[in-house]
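Undergrad: With mature numbering (1 follows the signal peptide of the UniProt record, and there is no 0) applied, the sequence shown covers -21 to -1, 1 to 67.
Please note that a few of the clues may not be correct.
[As the list claims (entries may be wrong)] Per label pair, the in silico range of CB-to-CB distance:
#	residue 1	residue 2	range
1	Asn54	Thr18	28 to 34 Å
2	Cys53	Arg31	29 to 35 Å
3	Asn26	Val49	25 to 31 Å
4	Val49	Lys17	14 to 20 Å
5	Glu22	Asn54	20 to 26 Å
6	Asp34	Asp56	17 to 23 Å
7	Lys19	Asn41	19 to 25 Å
8	His24	Gln48	28 to 34 Å
9	Gln52	Leu21	35 to 41 Å
10	Asp56	Leu23	21 to 27 Å
11	His24	Asn54	27 to 33 Å
12	Cys53	Glu22	26 to 32 Å
13	Asn41	Phe11	18 to 24 Å
14	Thr30	Asp56	36 to 42 Å
Note that these hints are calculated values from the structure, not bench results. The beta carbon of each residue, even a glycine, is placed where N, CA and C say it ideally should be.
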Amino acid sequence: MQFKPLLAFISLSQLLSLASAAPAAELEARQFDPDSFKTKWLELHNNERTTRQLDSLEWDGNLAWKAQQVATQCNVDNPQLWGDNGAS
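Based on the sequences and whatever the hints tell you, model everything.
TA: Here it is as C-alpha coordinates:
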(Lines of atoms letter the chains of each structure in order from A and count residues from 1; the text may use other names and numbers.)
(Lines give C-alpha, C1' and ligand atoms only; values in the text may rest on other atoms or scores of the structure.)
Protein backbone atom coordinates (compact mmCIF):
# COMPACT_ATOMS: atom_id res chain seq x y z
CA MET A 1 0.00 0.00 0.00
CA GLN A 2 1.43 3.39 -1.02
CA PHE A 3 1.02 6.09 1.64
CA LYS A 4 3.16 8.83 0.07
CA PRO A 5 0.49 10.10 -2.36
CA LEU A 6 -2.21 9.90 0.32
CA LEU A 7 -0.12 11.83 2.86
CA ALA A 8 0.84 14.43 0.27
CA PHE A 9 -2.83 14.88 -0.68
CA ILE A 10 -3.90 15.23 2.96
CA SER A 11 -1.15 17.77 3.65
CA LEU A 12 -2.05 19.78 0.55
CA SER A 13 -5.75 19.66 1.43
CA GLN A 14 -5.07 20.96 4.94
CA LEU A 15 -2.85 23.74 3.62
CA LEU A 16 -5.46 24.85 1.09
CA SER A 17 -8.25 24.81 3.65
CA LEU A 18 -6.20 26.99 6.01
CA ALA A 19 -5.31 29.41 3.22
CA SER A 20 -8.91 29.75 2.07
CA ALA A 21 -10.20 30.23 5.64
CA ALA A 22 -8.28 33.48 6.21
CA PRO A 23 -9.94 36.68 4.96
CA ALA A 24 -7.97 38.71 2.42
CA ALA A 25 -7.54 41.66 4.82
CA GLU A 26 -6.02 39.35 7.43
CA LEU A 27 -3.63 37.90 4.86
CA GLU A 28 -2.49 41.39 3.87
CA ALA A 29 -1.80 42.19 7.53
CA ARG A 30 0.49 39.15 7.73
CA GLN A 31 2.99 40.42 5.16
CA PHE A 32 6.34 38.81 5.81
CA ASP A 33 9.10 41.18 6.88
CA PRO A 34 12.45 39.36 6.75
CA ASP A 35 14.24 41.98 8.85
CA SER A 36 11.75 41.83 11.72
CA PHE A 37 11.79 38.02 11.51
CA LYS A 38 15.59 37.94 11.80
CA THR A 39 15.52 40.42 14.67
CA LYS A 40 12.83 38.52 16.59
CA TRP A 41 14.44 35.13 15.98
CA LEU A 42 17.84 36.39 17.12
CA GLU A 43 16.28 38.00 20.20
CA LEU A 44 14.55 34.76 21.22
CA HIS A 45 17.69 32.72 20.52
CA ASN A 46 19.88 35.08 22.55
CA ASN A 47 17.39 34.99 25.43
CA GLU A 48 17.90 31.22 25.58
CA ARG A 49 21.68 31.63 25.35
CA THR A 50 21.58 34.09 28.26
CA THR A 51 19.88 31.51 30.49
CA ARG A 52 22.91 29.28 29.88
CA GLN A 53 25.47 32.05 30.50
CA LEU A 54 26.48 32.11 26.82
CA ASP A 55 27.42 35.20 24.82
CA SER A 56 24.83 36.73 22.51
CA LEU A 57 25.05 36.21 18.77
CA GLU A 58 24.86 38.83 16.04
CA TRP A 59 23.42 38.46 12.54
CA ASP A 60 26.09 37.95 9.89
CA GLY A 61 24.79 38.78 6.42
CA ASN A 62 27.82 37.19 4.72
CA LEU A 63 27.29 33.91 6.56
CA ALA A 64 23.58 34.00 5.70
CA TRP A 65 24.45 34.56 2.04
CA LYS A 66 26.89 31.62 2.04
CA ALA A 67 24.29 29.40 3.72
CA GLN A 68 21.78 30.38 1.02
CA GLN A 69 24.29 29.43 -1.69
CA VAL A 70 24.70 25.96 -0.15
CA ALA A 71 20.93 25.56 0.31
CA THR A 72 20.36 26.50 -3.34
CA GLN A 73 22.48 23.52 -4.38
CA CYS A 74 20.32 21.06 -2.40
CA ASN A 75 18.34 18.58 -4.49
CA VAL A 76 14.66 19.09 -3.74
CA ASP A 77 13.39 17.59 -7.00
CA ASN A 78 12.66 14.27 -5.29
CA PRO A 79 11.13 15.10 -1.89
CA GLN A 80 10.49 12.20 0.45
CA LEU A 81 8.22 12.00 3.44
CA TRP A 82 10.89 10.17 5.46
CA GLY A 83 14.67 9.88 5.60
CA ASP A 84 16.99 8.28 3.09
CA ASN A 85 19.87 6.00 3.97
CA GLY A 86 22.72 7.89 2.32
CA ALA A 87 25.26 5.25 3.40
CA SER A 88 23.84 2.58 1.11
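Undergrad: Which of the listed hints are not met by the structure?
TA: Of the numbered hints given earlier, those the structure breaks are 5, 6, 8, 9, 10, listed in rising order.
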